[in-house]
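Asker: Going down the list, the protein sequences come from chains R and Y. Its first residue numbered 1, the first sequence is counted upward by one per residue in my numbering. Its first residue numbered 1, the second sequence is counted upward by one per residue in my numbering.
Derived from the structure by calculation, the hints contain no laboratory data. Where a beta carbon is used, it is the ideal one built from N, C-alpha and C, also for glycine. One or more hints might be untrue.
[What the hints assert, rightly or not] Reference excerpt, derived from the structure (chain R facing chain Y, CB under 10 angstroms, subset only): (1) Pro33; (2) Ser157; (3) Ile352; (4) His355; (5) Gly358; (6) Asp362; (7) Ala370; (8) His372; (9) Met379; (10) Gln409; (11) Arg410; (12) Ile417.
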Amino acid sequence: MGVATTEPTCLPLDVDRIRRDFPILSAQVHGHPLVYLDNAATSQKPSAVLDALYAYYTQSNSNINRGVHALGERATDAYAKARDVVQSFLNAQSVGEIVFTRGTTEAVNLVAQAYGGSHLKAGDRVLISQMEHHSNIVPWQMVCQQTGADLDVIPVSDDGELMMGRFESQLTDRTKIVAIAHISNAIGTVNPVSKIIQAAHANGAVVLMDAAQSASHMAIDVQSLDCDFLAFSGHKTYGPTGIGVLYGKAALLADMAPYQGGGAMIRSVDFDQTTYRDPPDRFEAGTPNIAGAVGLAAAIGYMNQVGLSRISAYEAGLLDYALQELESVGKVRLIGRASNRAASISFVIDGIHPHDIGTVLDDAGVAIRAGHHCAQPLMNRFGVPATARASIAMYNTKQEVDALVGAVQRAIEVFGI
Amino acid sequence: MTDLTELYQDIILDHSKQPRNFGELSAANRHANGYNPLCGDHIEVWAQIDDDLVGKVQFSGSACAICTASASMMTQAVQGKSNEAAGVLFEQMRQMLVGADEGDVGQSELGKLAALGGVRRYPMRVKCATLPWHTFKAAMEENNGQPVTTEQ
């Protein structure tokens with residue numbers, strides 16, 4: 001099992017110790033130590049997660065909720081325990097509020113179809129923002145087309161913050177759903193979600209929070225936030241790919257029709273009438289990603305051991321350092337300067353396309369993302385086709401930020417600008 | 001020469017910073033769009049083709065250095081060629097960039113275009129270099145429907 005730090009939370013995070021828990025971080029790329037700064041795309045996995053997957057497949061692998069044999073019981077138990085872990089991670093009121101999905105994308109689609117599909121009608125409005133990831137845009141466009149509802153978009157300021165004054169006027173009694181990112185994947189803005197949720201509720205709208213970018217960076221308490229739905233992905237929170245979570249308030253989930261039909265979600269099937277199980281099973285048709293859930297639980301266990309408040313504090317210091325160092329490179333222009341930000345930094349260098357920046361950085365072992373970050377409307381807002389994005393995780397160091405800045409300087413040299 | 005300087009050779013940087021034959025060609029009788037949605041490279045190719053001969057060729061758009069340089073060098077290389085010779089050049093470029101055996105194409109046949117051969121070692125970037133060529137081919141074939149893409 002991976003060894004995480006166990007100091008009380010008042011002590012700072014021991015990054016050297018954490019790095020030893022992530023086997024891939026000792027890899028070499030093009031003859032350089034890997035500097036992995038593409039964590040907003042996916043995070044690396046600690047041994048605790050890899051070991052949990054191995055242990056599951058070597059000791060417990062079976063289908064769940066059906067076989068009467070010992071392995072069936074172990075797998076069923078492991079899957080149920082994973083749901084318990086997620087429940088306490090989000091501080092959900094009951095375990096029935098935790099639905100396992102393939103990831104954030106599937107969770108948003110589930111809510112758009114199973115909630116939006118039956119609650120939206122022509123003339124209703126769904127309110128999203130200009131900084132949403134495509135996965136929190138397209139499912140809403142689709143359900144709006146199906147129901148005749150309209151999509152409203154909260155604009156983003158030059159600094160990359162939501163224009164809250166506009167939000168308040170866009171929130172009308174026709175607004176039924178507000179779907180908003182907790183943290184922008186492209187520019188790292190932390191949105192004032194509590195304020196948004198309160199205002200939406202005052203207008204009778206439900207709120208879905210896209211926590212894909214926040215779940216690994218800050219503690220989330222769905223009860224104190226009072227959000228109605230929340231989605232996040234396992235693979236961005238140090239867990240495996242192909243597993244994610246939808247949290248939904250029990251009363252809302254209970255009132256929703258199934259998303260997909262199949263095994264495991266039914267109570268009884270008859271050609272005349274089929275009845276469905278209660279949530280969360282109603283929304284988990286077919287054999288779920290059992291190993292993924294087990295791996296996600298191990299990832300959450302790892303984050304809990306380190307402590308999310310300690311992770312947040314460490315990353316905030318590193319982010320400040322990275323912003324300051326990147327800005328000190330004269331030709332770098334930051335996209336997004338929100339006062340409250342976390343995790344991701346987008347930048348451009350006039351005269352070098354982000355893909356070329358990405359290639360030069362990769363040559364130095366520095367992995368970043370170059371592109372539109374599945375946020376084309378936000379790129380259009382800032383008048384850029386793409387940006388380079390460095391995104392940090394708890395295992396990143398100041399030395400790695402220095403390697404990033406050194407490689408950025410080399411890109412400027414190579415291109416002679 | 002490191003891989004990186006083999007990729008970003010002077011001639012490629014030169015064409016990417018000062019692309020030749022850049023801008024819409026009003027006299028064009030052929031036109032196609034090329035778009036790689038995952039990376040965002042977007043170019044348009046305009047060509048004037050008369051009597052089985054490639055006349056003026058221009059391009060516009062927004063793309064990375066590799067794609068821009070490839071497009072710029074392509075416009076110079078195909079102008080004045082017969083349709084057939086342009087088709088042969090397309091195939092030679094394809095062979096150099098993605099062919100099974102990089103020894104198959106004598107680089108001398110390609111002249112300046114051989115500078116783009118360094119892209120071969122960057123599998124993620126090959127699509128950038130091939131996009132203008134596939135877009136030009138679509139324009140030649142008057143395939144003006146969906147934008148051409150070299151992703152997937």
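Asker: Give a verdict on every hint.
Answerer: Here is what the structure says about each hint:
no.	hint	result
1	Pro33	violated, 17 angstroms
2	Ser157	violated, 24 angstroms
3	Ile352	holds, 7 angstroms
4	His355	holds, 4 angstroms
5	Gly358	holds, 9 angstroms
6	Asp362	holds, 8 angstroms
7	Ala370	holds, 8 angstroms
8	His372	holds, 5 angstroms
9	Met379	holds, 8 angstroms
10	Gln409	violated, 14 angstroms
11	Arg410	holds, 9 angstroms
12	Ile417	holds, 9 angstroms
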